[in-house]
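Could you slot chain B onto chain A? The hints should help.
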Amino acid sequence: MSTRGARAAFPASWWTRAGWVLLAAYVVYAGARLDFTWERFLVGLDNGARFIDRMFPPVIVQPDSLANGLVESLQIALLASFLGIVISLPVGLLASRNLMPVWATWPARIVIALCRSFHPVIVAILFVKAVGFGAMAGILALMVASVGFIGKLFAEAIEEISLKQVEAVRATGASFMNVITYGVLPQVFTRFIGFATYQLDSNLRNSTMVGIVGAGGIGGTLFSAFQRFDYDFVAAILLSIIAMIMVGEVLAGWVRGVFLEKGKVDGD
Amino acid sequence: MAATTALVLRGLSMEYVRGKPVLRGIDLEVGTEGLTAIIGPSGTGKSTLIRCINRLVDPTAGEILFHGQDLARLRGEALRHARRRIGMVFQEYNLVERLSVMENVLSGRLGYVSPWKAWMRKYPQEDIDRAFELLEIVGLAAFPNQRADSLSGGQRQRVGIARAVMQRPQLLLADEPTSSLDPKTSVEIMELMRDIGRRQSIPVMVNMHDVELARRFADRIVGMSGGAIVFDGPPGDLADDHLKGIYGGEGWLQ
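Top to bottom, those sequences are chains A and B.
Taking the numbering used here, I'd label the letters of the first sequence as residues 1 to 268.
Taking the numbering used here, I'd label the letters of the second sequence as residues 1001 to 1254.
It should be emphasised that the hints constitute simulated quantities derived from the structure, not laboratory data.
Careful, some of the hints might be misleading.
To be verified - Capping the alpha-carbon separation at 30 Å, the derived lysine-lysine pairs in BS3-like fashion look like this:
1) A:164 with B:1122
2) B:1117 with A:164
3) B:1244 with B:1020
4) B:1020 with A:152
5) B:1184 with B:1244
6) A:152 with A:129
7) B:1184 with A:164
8) B:1020 with A:164
This is chain B alone, in the form it adopts within the complex:
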C-alpha cells in the first residue's frame, strides 16, 4: 500500500433492506491528508458511507482498507482497536449530556483505559494535559467542568471535535457536523476541522449538505447520487452541470 493512501474503499455496498442498496459498490481512495467533502442529496448514502468506515454500520459487501487492514472483516477487540484510530464527529454532537466537558473530551481515550480506571476517572497525566491543550485549541479552555448539556450547539460541536482528536486518530470522520448550526458557527467549525486536520496531518472526511461550505473548505469534493459516486475532483472542477447531476434539476441553482 502506498504511503500516500490512508483509506481505500473497494466495491463497498450496503443494503439495510435486501434488494434496496444504499451504497452501490463504492470505490474511493483517500490520501493521508486533506479535507474531503462528500456532498449529495439526503438519503443518498453519505451518512451510511461514513458510518461504514468505522463500522457503526456493517457493510454488506466490499473492502475497507485502512492503512492496509481490511476493517470490513474485523470483529470484537480487533474492531475496537481499529476504531480507536478513527475519530468521529456527529451531526448532533452526541456528547454524554450529563458529563462534564472534560469527561467528554477524555472519553476519547476510553479505548485505552481499563474499566476501573475509566470509572474512577484515573486517566494518565499525559492524556489530561492533552485534553486541556485541545480545549485551548477548540476555544473552550474556560469550561472544563461545565456540564455538556449547558453548552450551546457550537460549543458542543467543539467538544465533539476535541473528543475525536483526543483519540490521536489517523483519520477524522464527520457526519454532517454543521447541519445543526447557524451559518457563522458552521464556518467556524469547518475552519476548526480543516485546521485540526492540517495540524495533526491526518485526512478528514466530512459529509455535508452545504455545497458552498464544501467548496470553501474542501481540498477535494466527492459528489454522491443514488448510492454511487458521480463526481470526484478538486472544488474548482465542480461545475453547475455536476451539481445538476448530483442533486437533479436546475431551478435551485439560479
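With the rest of the complex left out, here is chain A:
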C-alpha cells in the first residue's frame, strides 16, 4: 500500500460541478435576455437620485387622506388577523393527520393549499371584483392568507405533539372536545400565539399594499400620490408606514407577552 498516495477524503462529484457550470451559464443567459445590464443600472442611478431629491423634504399634502388610509390599514390588518385566526383554528385541527381521519384531513388540507396558492395581492384583486372597491376586499384577502399560513403551521404543530399526553387524557374517559382542550391545546398554545402574532405583523405590512389594487388602506393613497408625481407626499406616506409597522411590531410583542404570561402557570 502506498503511504504517500493522495487519497481523497472527499471524492470529486462531476455532477455537482456540472450543475454549478449550468447554473452560471443560465444566469448569464437570463440576464442577457431580460436586458439586465450595467449601463441601464447606471442610468437608473441618475433617475433614482432625481426621484429622491424630489422626495425631500417630505410634505403631508393631504393629512386627512393619510390619516384615514393609515387607520383603515390598521383596521384591515386587525380584522383580517382576528377572523383568520378564528377560522384557522378548526381548519388546522381538522388538517392534523395524527388526530383526524383521512376524510377530514383531505378537505382541510385542500382549503389550506388553496388559501396559500396566491399572493394576497392577487386574492385582493379577485375580491375587489367580487365585493367591490374598499376595505372589505382587503379584509377578505388577508383573512384568506391568514387561514392558509396559520392553518398550515397549526396543523404541523399538532402533528408534532406528544400522543402520550393525549392518551392519558383519553384514558380518563374525556370527551373528544375535552381531549383537545386538555391533551392537545396546552401542547401547542405557545406556538400558536407565535404564529398568530407573526401573522398580525405580516397582515399589517400587507394591509398597506392591498390598497394599490383598490382593496382599501394606505396603499390607495400611496398609489395616487405616485401617479400625481407628488413625491414629497410619497415620502411622507412611506415614513408613516414605517412608523406604523414599528408600532405594530411593538403591539405584536405586547400581545405575545400577555398571552404567554397567561399561558404560564404563575409560581407562588
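Just chain B now, with coordinates in the frame of chain A:
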C-alpha cells in the same frame, strides 16, 4: 356475576399484525380488591393486556367483563363512560407537561365536565376539595400550582396516581409505573399504589419488570410468557422454577 369479581377476561386475544398474536386467549379473573402484579419478559404482551382492559388498544377477540359489562364491544360514549370507571397510571407518567399539578389532577374528572366548563376550569367544588385531599395523600400538597414539567419523576408519578384516583375508579391499572424511577422512589410509588387501592377498596393491576418489587407488594402474581399466562398465584408460591418458565434460562437467578 359474583360480587367478589370486578373483572373477568375471557379468551382475550390481540394481534397487531395478522397471524402474530401478542395475547393468546387470556383468561383471568380479578377480585374487587388486592394488588395483582403482572410480571413477564419485555414484549410478552403485559402492556397490551393492560391497555386492552380500558381499550386504549382494541382486542382482536375475547370478552372483557367489567362488573358484568363487556367492554370489548363498547364504542363511542358508552366506551368513554366505561373508561371513567377505570383509572390508569403510565410508565412515563403522561402528564400534560404544560399544565399545573392541579390541572393535571382535575383532568381525572374530564369524563364528567362539559367542554366549556373544562375550558374555563370550572370544576365542582367537591372535585376541587377532593383534588387537594389527594395531593395531600400523595405528598404534593405544597405544589398545586407548579407546572408538571418542573417536577421530578417520582413527583410526576404521584400526580399521575392522583389523576387516576380522581376519577373515583372501580379499578386502577398501572403500566410499568416504576420502570422510569430509581429503586427507592419505586418502592414509595408501589407503597402508594397499594395503600390507595386499600383505602379506596378497589383492585389494582400493575405491570412490572421487577420481580422482587412484585413479591413485596402484590397480593397475587400473574406470570406471562409468550402472550399467555403461565403462573397465577400468591407471591409465596412463586418459585425459581416458575421464574425460569416465565423468563427462560436460569443463569440470571444466581
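task: Please write out, lowest number first, the hints stated earlier that are contradicted by the structure.
output: 4
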